[in-house]
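One letter stands for each residue in the lines below.
There are 2 protein chains.
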Amino acid sequence: MITVALPKGALLKDSIRRFQNVGLDFSAFLDSGNRQLQIDDPTHTAKALLVRAQDVPVYVEYGQAQLGIVGYDVLREKSSQVAHLADLKFGNCRMSVAVPATSPYRRPLEFPPHGRVASKFVRCARDYFRALDLPIEIIPLYGSVELGPITGMSDAIVDLVSTGRTLKENGLIEIDVLFHSTARLIAHPLSYRLNAGGLQGLIEQLEQDSKLTQPVA
Amino acid sequence: MITVALPKGALLKDSIRRFQNVGLDFSAFLDSGNRQLQIDDPTHTAKALLVRAQDVPVYVEYGQAQLGIVGYDVLREKSSQVAHLADLKFGNCRMSVAVPATSPYRRPLEFPPHGRVASKFVRCARDYFRALDLPIEIIPLYGSVELGPITGMSDAIVDLVSTGRTLKENGLIEIDVLFHSTARLIAHPLSYRLNAGGLQGLIEQLEQDSKLTQPVA
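Residue numbers (this note's numbering), protein chains in the order written: chain A, 1 to 217; chain B, 218 to 434.
It should be emphasised that the hints constitute simulated quantities derived from the structure, not laboratory data. From a predicted model like this one, the values you see are computed outputs, not experimental measurements. One thing to keep in mind: the hints can contain errors.
Across the chosen pairs, the derived CB separations fall in these ranges [claimed, not checked]:
1) B:350 / A:76: 30 to 40 Å
2) B:349 / A:1: 35 to 45 Å
3) A:127 / B:255: 24 to 34 Å
4) B:255 / A:193: 18 to 28 Å
5) B:255 / A:45: 47 to 57 Å
6) A:109 / B:381: 48 to 58 Å
7) B:248 / A:35: 50 to 60 Å
8) B:369 / A:164: 36 to 46 Å
9) B:252 / A:213: 31 to 41 Å
10) A:84 / B:417: 51 to 61 Å
11) B:230 / A:143: 11 to 21 Å
12) A:35 / B:250: 24 to 34 Å
A virtual CB, placed ideally from N, CA and C, is assigned to each residue, including glycine.
Please take these sequences and the hints and turn them into a complete structure.
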């Protein structure tokens, strides 16, 4: 039986829809009263785990789930040993550098040496500033990164932006984009190579469905 | 003006009560409609930041808050450069090792070499097994650690336990306690030494209040 790891949060609804399109129903996770973290598809041909987005690659890397859906941002931050299969083209957002609207800096290259940047995405932020050869101090935070510049603890933030509403509400403006992110289909490499439980057929269906459900440009 | 960092979650209500007891009212954070992360006390003598528990020591270490309240578990996990001032004696919980009730292991020393332990508290778990001289692999997770043993990904978990309800619901039993945890008062070391904004007087009041509000043994 195939197990899939689904991410709590913003990507959950669309992730469940994609599996519904190929005949696997995990919509019980969307019931407001649901407390289960593990459910079977009603046909009992597949199982799903409901986990934090950051934990999806962990369950897939260890083979506890053969398939998973997770944002590219998480894959960049964690660099797990998983097979990257398909861009599912939903959950569009971007990893951006933002500064207070009142900041004198309009480009990262203008940041002062040893300037401070707060982020939940420590690795992404560090790699970015290293590539620019800027000696920036990254301050790791777990939430509400926008408080970094508001309190004066940091000059800027690196964070995931989708509508831009949080930035706007906090008087921050984007000055650069590290990368764009969308939901990705990932697999346990060995299960994929061995085609365990007919995994490859399911993946082809999901990829095919992904092409069909794309908005016309 | 003194700024205090308060932790979102389980410790918030009692933290706000302690500051109320010494004349500082940050209860606006408890309003269900509140979206603010930064408020002034009505007397405008102090300010409070509402942040994730793990971020409290960060704001205090960088001096953006001169005082903070946070669980000892977070201080153990992060080892920040902050002054540990007082045990506030609320928010009692313990960092425990738990295994499935069906597990053959009843003591950590029985764990197989290279056994796997899932935890959100990677450093605490690693230090504990290192002190026991056990070559255990720690699997870092962000949430729902109990899924580790349920899915078979790990032999055990290291997690914070308060009532034990989550463990029970997931068929897990505690087999050892790493340490007990309570809410702690922490301060920015330099602000504390310099008595910035009359910090030491406020701390004495909080410590005094903490002794008064303790349950009689």
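Okay, the hints, checked on the actual structure:
For the hinted restraint 30 to 40 Å between residue 350 of chain B and residue 76 of chain A, the CB-CB distance of approximately 36 Å keeps it satisfied. In this structure the hint that residue 349 of chain B and residue 1 of chain A lie 35 to 45 Å apart at CB holds, the actual value being about 36 Å. At about 30 Å, the CB distance of residue 127 of chain A to residue 255 of chain B agrees with the hint of 24 to 34 Å. Separation of residue 255 of chain B from residue 193 of chain A is about 52 Å and departs from the stated range, judged on CB atoms against 18 to 28 Å.
Taking 47 to 57 Å as the suggested C-beta distance range, the pair residue 255 of chain B and residue 45 of chain A conforms, at roughly 51 Å. A beta carbon spacing of about 53 Å between residue 109 of chain A and residue 381 of chain B agrees with the range 48 to 58 Å that was offered as a hint. Separation of residue 248 of chain B from residue 35 of chain A is about 27 Å and departs from the stated range, judged on CB atoms against 50 to 60 Å. The hinted window of 36 to 46 Å between residue 369 of chain B and residue 164 of chain A holds, with their beta carbons roughly 42 Å apart.
Distance hint check for residue 252 of chain B and residue 213 of chain A: the Cβ-Cβ separation is about 34 Å, which falls inside the suggested range of 31 to 41 Å. Checked against the hint of 51 to 61 Å, the pair residue 84 of chain A and residue 417 of chain B passes, with Cβ atoms roughly 55 Å apart. Distance hint check for residue 230 of chain B and residue 143 of chain A: the Cβ-Cβ separation is about 19 Å, which falls inside the suggested range of 11 to 21 Å. Between residue 35 of chain A and residue 250 of chain B the CB atoms are about 26 Å apart, so this pair conforms to the stated range of 24 to 34 Å.
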